[in-house]
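Chains as they are written, first to last, in our numbering: chain A, -11 to 139; chain B, 112 to 535.
For the record, the hints were derived by calculation from the structure and aren't laboratory data. Be aware that a few hints might be false.
Partial list, derived from the structure: chain A residues whose beta carbon lies under 7 angstroms from chain B [claimed, not checked]:
1. Gly27
2. Thr31
3. Cys51
Listed below are the simulated DSS-like cross-link pairs for lysine-lysine, each with C-alpha atoms no more than 30 angstroms apart in a straight line [claimed, not checked]:
4. B:Lys202 to B:Lys261
5. A:Lys108 to B:Lys134
6. A:Lys108 to B:Lys535
7. B:Lys134 to B:Lys530
8. B:Lys535 to A:Lys9
9. B:Lys530 to A:Lys9
Glycine included, C-beta positions come from ideal geometry on N, C-alpha and C.
Okay, here's what each chain looks like letter by letter:
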Amino acid sequence: MELDSLYQEIILDHYKHPRGKGLLELPQGSAHHVNPTCGDEITVQVSTNAEGGLEIGYEGQGCSISQASASVLTELLTGSSVDQSQTVREAFIELMHAQGQGEPDEDVLGDAVAFAGVAKFPARVKCALLAWMALQDAEIKAGMLSKGDGS
Amino acid sequence: MFDVQAVKADFPILATTVHGGQKLVYLDSGATSQKPRQVLDAERDYYEQSNAAVHRGAHALAEAATSAFEHARARIAQFVGAQAPDLIFTKNATEGLNLSAYAFSNATAIAQWDEAIVDPRFVLKPGDSVVVTEMEHHSNLVPWQELCRKTGATLRWIPLTEDGRLDLSHLSSIIDETTRVVSVVHQSNILGTINPVREIMDQAHAVGAIGVVDACQSIPHMPVNVDALGADLLAWSGHKMLGPTGIGCLWGTPDVLSSMPPVLSGGSMIELVQMESSTYAPPPQRFEAGTPVVAQAVALSAAVDYLQALGMREVQSHEQALTEYALKGLNDLDGVRVIGPDTIVDRGSAISFVVDSLHPHDVGQVLDSRGVAVRVGHHCAWPTCRRFGVPSTTRMSPYIYNDESDIDAALEGIVAAQKYFGVK
Ligand SMILES: Cc1ncc(COP(=O)(O)O)c(C=O)c1O
C-alpha cells in the first residue's frame, strides 16, 4: 500500500509546522468536535473582520491528517468570505467522498488538494473532515450561516 | 506442548494477504478473534443437517435443533464451571451488561406501582450508589450511568494507580452500605490488568450489593470458574473467543436470575399468556425472548471445544510468554511507553502503548501498510485514556495463533513509523 499517497509532503509539513494554531481573542462562534472512534478533538473559532473576511482560530489534538487539515483550512480560508468558505468546504467534502477518483481544482482548494489521497483510506476521511465540519458549525453558531446552509 | 504453527494452520484467514501481497499479522484479537475451521464447520453442519426452530414444533429437525442448542448451552456452561439453566444467550457482552442494569431499572419502575412483586435488592433510589472502576469498557460504564440517571442513584468508581492497577486502598469507603450493585471488569481490554475480582465481590456481598463481572477479556484467555470469582452475574462475548459474532453469554446465580424481571419480552419467554397479563418462563428462557441464537450457540460450543483441547492453562501461559516478549521489546524501543502494568504479574495480553510525537492513528497506518493489524484509538475506554493523560493508544493483543515473529513485525513497524515521520 502506498503510504506516500496518504502522507503527502504538504500534509506532513503542515502537521509538523501548523499554521495559525491558537484560539481567537474574541470569537463570534466556536465549535468543539470530536471523532468518537479515536478520541481526536478540535475546537475551531471564527469571527469576521471589518471587511467581512474570516478570522479563524483552532486548538486540537489528533493525528497528522486531522491536524494538518486544520492547519491547511486555516491558511486557506483566513480572510475569505463566508460564502467562499462554503464553496471551498463543499469542494473539499466532495473530494473526500470521491474514493480517490476526484480531480481536485487547485484554484479552489489550494494546499487542500494534497488530501486527495486520503479519500482512498475510508478510516481517515473522518480525520480530514474534522476541522472542516467544526468550522461549519462555528459559522452557524456565529450566525454567519443558517443550519440549512450546511453541506 | 503448545504448537502455534498447528494452531495457525486451523485459521484460514491467517493465510490471506492484505494490501496486495503483504502477509497478514493479526494482532487485534482483543477487538475480535479469528475463527478456526472447526468453528466454521460446526455452524455450516448445523445449517446443513439440523436447522429448524427450537423449543417448538414436533418434527425430527425441530428436535435435532433443540438438542443441538441445549447441548451447546450445557457445553459452554461447563467450560466456566456453571450449570446450563444459569446461562443466558445474548447478542454480546454489551447486551448481557445492559440486561443486568435494566433488571434494576425495570424493578425500580415496577416497584412504583407494586412493591410486593419485585425483589427489593433490585430497587434503587436517590442516595443509593452503583460502583464501577476507572478502567471499564464503555459497555460496562454507560449502562450503569443510565441506571443512575433513571433512579437518582450515584455512580462511584474505584480509581487507578499509576501502573494501571485498581487502587483498592479505600475500597470499603467506595463500596459501603449505600451500594446496591458493583460491576467490574475482570481483565481490562486497554491496560491488560487482571483485577482481584474475588476481593471486590466479597466486599460487595458484605454490604448486600449485587456483584457483576465483565469477563469479556478473561474467559477467552485464561481458566475462569464462576464459583471462584464469586460474582452474581458474569457477561462475555463469543466473538472474542473464536466463536461467531452475534452471540454472548450472561451467567447468573439461580437466586439472582430468578429475581430479575425480564428485559425483552414477547415470544419464547412466557409461561402463560392472557389478554390482561402474562407470566414468564423461568431462566434462562425468561431472558431469551424471540427466536434465539441457535447456529451461533452451536458454533460457540465448537469454539469452547477447540479452546479446551488446547487447555486454558496452556493458552494463558502461551499468551504470558508473548506478553513478556512484547513488553520487553516495547521497553527496549526509544520513545515508546507502555500504558498499563509493566510486568506479566496479573496481566493479560492486551498491550497498549504510546509513541512519543506520534499519534496512534499514524502508527497504526504505518503498521497496516506492512500487513500488521493493531487497534488504535481509545478502545471504548475513554475515561481510562484520560486518566493516563493520553487521547488514545495503539494496542496489540496477541492470541493463541500469534508467535514471536508477529510481535517482531509490530516492533519493526513501530520503528518504521518513527523513521517515516522523522521523530527518530
Ligand atoms: C472488557 C470489554 N467489555 C465489553 C466489551 C463489549 O463487547 P461486545 O462489543 O462484544 O459487546 C468488550 C469488547 O470490546 C471488552 O473488551
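Structure-based check of each hint:
1. Gly27: holds (4 angstroms)
2. Thr31: Hint on Thr31 (chain A): violated, closest Cβ of chain B at ~14 angstroms, above 7 angstroms.
3. Cys51: holds (4 angstroms)
4. B:Lys202 to B:Lys261: holds (24 angstroms)
5. A:Lys108 to B:Lys134: Holds, at roughly 21 angstroms.
6. A:Lys108 to B:Lys535: holds (28 angstroms)
7. B:Lys134 to B:Lys530: holds (22 angstroms)
8. B:Lys535 to A:Lys9: holds (24 angstroms)
9. B:Lys530 to A:Lys9: holds (26 angstroms)
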